[in-house]
Structure formats: structure tokens, C-alpha cells
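Protein chains in written order, with numbering that gives the first Met the number 0: chain D, 0 to 204; chain B, 0 to 224; chain W, 0 to 253.
FYI, nobody ran anything at the bench for these hints, they're computed from the structure.
One thing to keep in mind: the hints can contain errors.
Said to hold, decoys possible - Calculated cross-link-like contacts (lysine-lysine; reagent style DSS-like; alpha-carbon spacing at most 30 Å):
| id | chain 1 | residue 1 | chain 2 | residue 2 |
| --- | --- | --- | --- | --- |
| 1 | B | Lys10 | D | Lys98 |
| 2 | B | Lys160 | W | Lys122 |
| 3 | D | Lys178 | D | Lys5 |
| 4 | B | Lys160 | W | Lys160 |
| 5 | B | Lys160 | D | Lys136 |
| 6 | D | Lys147 | B | Lys10 |
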Amino acid sequence: MSYILKAKDLNCYRSGNTIFQGLNFEIDSGSNIEVIGSNGSGKTSFLRILLGFIPDYEGLVHWSGNEENIDVRYQEKSCFYQGHQTGIKPLLSVYENLKFSSSGFSSSRALIHDSAIRVGLENHLNTPASELSAGQKKRIAIARWLLKDFDLYLVDEPFTALDDEGCDLIKAVMSELNKKGSSFLITGHRNSLLDTEKLILDDLK
Amino acid sequence: MKGHNTFNWFKLILTRDLTIAFRRSSSYLTPLIFFLIVITFFPLALGPQESLISSLAPGVIWISALLSSLLAVEGIFSEDDRDGTLDQYFLSNEPPFLLVFSKVLCHWLICGAPILLASILGSFMLFLPNGVLVPLLMSLFLGTFFMSLLGALGAALSLGKSAILSTIIVLPFSIPTLLMGTSIMTLAINEQDYSGYLQIMGAMLAVGVPGLCILTVEAILLRYE
Amino acid sequence: MNKFWFLIKNWFIAMGSPPSFYKWATTFLPWLGILAFLTFSLGLVWGIGFAPSDYKQGDVYRILFIHVPSAILGQSIYLMMAVFGFISLVWRAKIAGMLLISAAPLGAGFTLVALVTGSIWGKPTWGTWWVWDARLTSTLILFFLYAAIIALHSSLDNKTKADRAVSILSVLGIAIVPIIKKSVDWWQTLHQPSTFSLTSSPSMTADMYQPLLMCVVGFYLVFIFMLTNSLRAEIISREKGRNWAQKQFFRREK
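Sequences are here, hints too, so could you generate the full structure?
In C-alpha cells, the structure reads:
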């Protein structure tokens, strides 16, 4: 009963095509779920429905803490969403990217420093993000997760284009945050062999 | 506590956009230079006689201000749209109206405000009659802000398309602003009372800020459907 | 009496679905066309051929029988589009959006006819092909408003999104049209204290008024005919993947 988010009998139709139907899942506090689907299987549409961006869906989506049966658009969601494009601004330094994010704006300087140290960017705090490698930019995105506690982190394709060290970092951060009671919903097009519940979208056409 | 958070969020968007804009000098220099170039073109095309240019001065300054404001709108939402920040804005449970208003304010600060200052220079270049600088600045202030509002709507409707499409959409709606602004100038030059027009422009702004911002939110949400 | 309203309400709801509108339109279109053509041509022939000459303008004024209905139609179509836009935004009725975009080129066409006939009227009466009077200028601005809607709709590939974008624009447009008219009036009086109108209508006797009325009705019927036709085409082009459309044209199930 301590679920953070649940969906029942979710159907998604776009432009007359069925993207997926009959989707059911429940995420409990402290546990993770991985959504696997090939390109075009509807991973992004799925996330968008959960977040309330797409009004055309059938079924029930319920974020805990809200009344039952209100449309997902009007429910309060305590979540952090990171899309396929991570939203790191190239003209801002690492520190500014963290400071000016929605999770970091009210964080203290010390907290931002600590997050940067955790992801290994403490020497680059004042470097503009445009001068960093793609892997380092992804680490800034990971640092954002640490700035504030959210119930649920929805991350679209976190492991794509990341080297082994980066993948290990994500897995470590995820288990740290799990211990604090947060959950992760990640998507990917390949099974990342993480020890989590799996939801395979291709099976749900 | 909720009100405090909302204002913080507004400050966050505004500071971030302004910081990025000032790092890239082209964001505030381009509209300014365009404004001055257009102003220069009129005497170049029509001949430099003072009497002719002086009679055209208010209209030319207004047209240049409108066109420069409109050309700068493309970047208002497109960058955030491309890198996913727009999604984040709609996710935070804060009113999206504030997002649009902060973008409009930012656009005005980097585009409209420099134009206001440059119009002083323009008034010398175009031999604007003496004593009408104050009504010019007041009407331009109201006018450029309304243009930023309209420009945001145009940018949101034509997200991802060419800049000139958003210009076509927005220009017909800016005709009242142009007519009223130049009427203020004509009245001021003839030393008549122009406060009525100023009040109407102010009223348009007062209705436009909530109305246009809400329509712009609708237009951005279109993108998600 | 209740049964009557019940029927009317059901008719509206039925009209709201594209397949039933399509079937209704296919049956009624020929009759509508005949009625429209008859009224339109009768009105024009009566006015241009048989109405009495004007005392001031002679026979030149007869272009009024084309100009006035076109201008009336141009403006009321914009108002209609704003209503459709509002319905489409608030109630998300697909057919309201399709009505909007089908009416737009028609409205632009009528406005263009009003501009051209106004210009033709002006040449013999005032000596110039164009003059910046309040009425012609606001008609020109109305034309630009139509053009903006058509341009925006054609630039978006997803037609449902395009409908909603254009609804926003038309709702904004109807709010700004009174302001535009008023400011053009003021602009006119400011720069030319002696107000004049290029197309001042002659004072009309009943003999002139009746054919004009018939022309207006005829133009409206022609508009409704063309709108229904255009809407039919729009429905088919958007829903051609659906079962009902496939059955209509290809006699097969999808």
C-alpha cells in the first residue's frame, strides 16, 4: 500500500495507432523499476502520460497522496524528471548548472559542492559545461539528483552513451537514494541487468 | 511557504535566462544593431534632407523597434524546448503562467530595454523635433513590452519553425500598438494632449499580460499532444 | 415541443461526428448548391441589371452589390472562426477545428474580393485605385489576419495540433479586431481631420435595398455550400485510414 506511483490498465493511442495497452505496475518506496522498449515502442509517450503531459490516454494513473480518480494532469507529483536531453546548459558552469536547477535553487553552497564531489567534478565547478565531455555532462545531471529528496526519479535512458565508470556511478547513487526511500523509474532500450523489476513495453502492443 | 517557493521559482528562471543571455553577447547586441541599421536605411533610401527625415522620424523609429523586437523572439522557447528544460518547468507544480511571464520579462530586458536606449540615439540621427523624447520613450516602453508579449505567443505557436512565420503571425496584432504609438508622437509634436492614447496602451498591456500569457501557455502545451 | 428540442440537440451531436456529417453533407450538397446558385445569381442579376440608377453615382454604384456582401461575409466569417476556435479549445471538438480551417480560405477570398471591388469602385468615384481610408485599411488588416491563420496551419504537419494552434490565434484575433478598427479610425481622423469614406454607400431606396438583401443571402448560401464541400474534403483527407472512410471509397474493411 505504500506505493508512490501506480498505473492500471493503461492504454495509449497516438494518431490512430496503438502504442501499448493493458499496462499495469506499481512502484513502492525504495524500489526501482526499469522500462525496456525498442525505439518507437512508446517509452517517451509512457513517461509523458505518467507526468500528465498527454491528456489522451485510457486507464488509471495515480500518484500517492492524491485523491483517486482525478486526471493525472492535476495530481501533485513529487518527482524529478530527466528527459532524453538532460537540460544541461552549455554556457553555464557546473556550479551554475546545479544552482539554477529546480532541485538546486534553494540548496546551500556546501550542498552543491558535496554533490559535485560525489560525482567527481569537484575540480570543474567553475568550468562552463560546453568545455566538458559528454560523460562529464551526464555526471552533472546525476549530481542534480542529489540536491533534493524526491519520492520518485524518472530518468529517460540514463545508461545510454555512458562508459562503465559512469554506469557504476549511477548504480551507486541509485542504491544510496533507495536507502533514503526514493524510487527510480528508468527507461532504456536494452536490459541493463540491474536487479530491479522489469517492464517490457514491446510485449504490450 | 508556498508563495515564497513560487517567487523563488520565478527568480530562478529569470536569473538563469538572464545569465545565459549575458554570456552570449549576441543575444542583446543583435536586436540593438538591427534597430540601428534599419533606422540608417531610411535616410539612405530617401535622401538626407532634414525636413523629410524629421517628418518621418517617429514612424521610422517605431517600425524599427517593432521589427527588431520580433526578430529576437525565436530563442525565447526554442532552446529550452530542445534540451528538455521546458518539460521540467511544466512538471514543477508551479503556475506555468509565471514561466511565460518571466520569459517575456527576460526578452524585454535583453531586447526592448536596449532599444529604448538606442531610440534616444535614433532620435538624434533622424532629427526628431525637440521636446518629444519623453512621449517617445513612454510609448515605446509600453509598446515594446506588448511586443514581447505578442512575440512570446508567436514563438510558442511556431516552435521549431522559421522565425519569419512567427513574424507573420504577430505583426497584424501589433498594428494597434503601432498606430497608437505613432499617434502619440504626432499629438506630442503638435503639442496636444496624448494621455488618452497612453492610457489605452496601458490598458492593453494590463489585459494583455494575463490574457496573452495564458494563451501562450496553451500554445506551448500543444507541443506535447 | 420537448421532442422538437430533443431532435435539434441530437442533430447537433450527430453533426459533431465526422462520419455522420459526411453522410449528411453528401445527401444535401446538391440541393444546397442549387439553392445557393439560384439565390446568388438572381440577386446579382436583379441588382446589377434591374435596380434603378443612383442619383449621385450613376451606374457605378452597382459594384456595391458585390462589394457589400463580400465585406459582410469577410467579417462575419472571421467571427464564426473565432467561435469555432473557442469551441475547439474548450470542448476539443474535432469538427470545430476542421470547420475553422475550411472557412479560413473562404473568408480570405471574400475579403480579397471586397478589397478588389472596393478599389474598382474607387477609381471612377475618387480617381485613384487605392486610398488609405478607415474601411479599406481595416479590410486589408483583416486579410492579413486570415493569411496568418492559413500560414500557421499549413506550417504544422500534425493537423490536430495545427487546429488547436489556429484556434488560439483566432480567439486572440477576435479580441483584437475591435481594437484594430478603433485605432484605424483614430489614425484616420488624426491625420486627415475631414473624414471621408471611399465607399460611402448611396442612400438606398427600397428598390435598391431588396436586391442587396437578396445578394447578401445569396453570398451566405454560396459560402455555406463551399464550406460544406470543403469540410467534406477535409474530413475524408484526415480520416482516410478509418474503417468508415475505407468502406465509402474502397468498399473494403481496413
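Numbers of unmet hints, in rising order: 2
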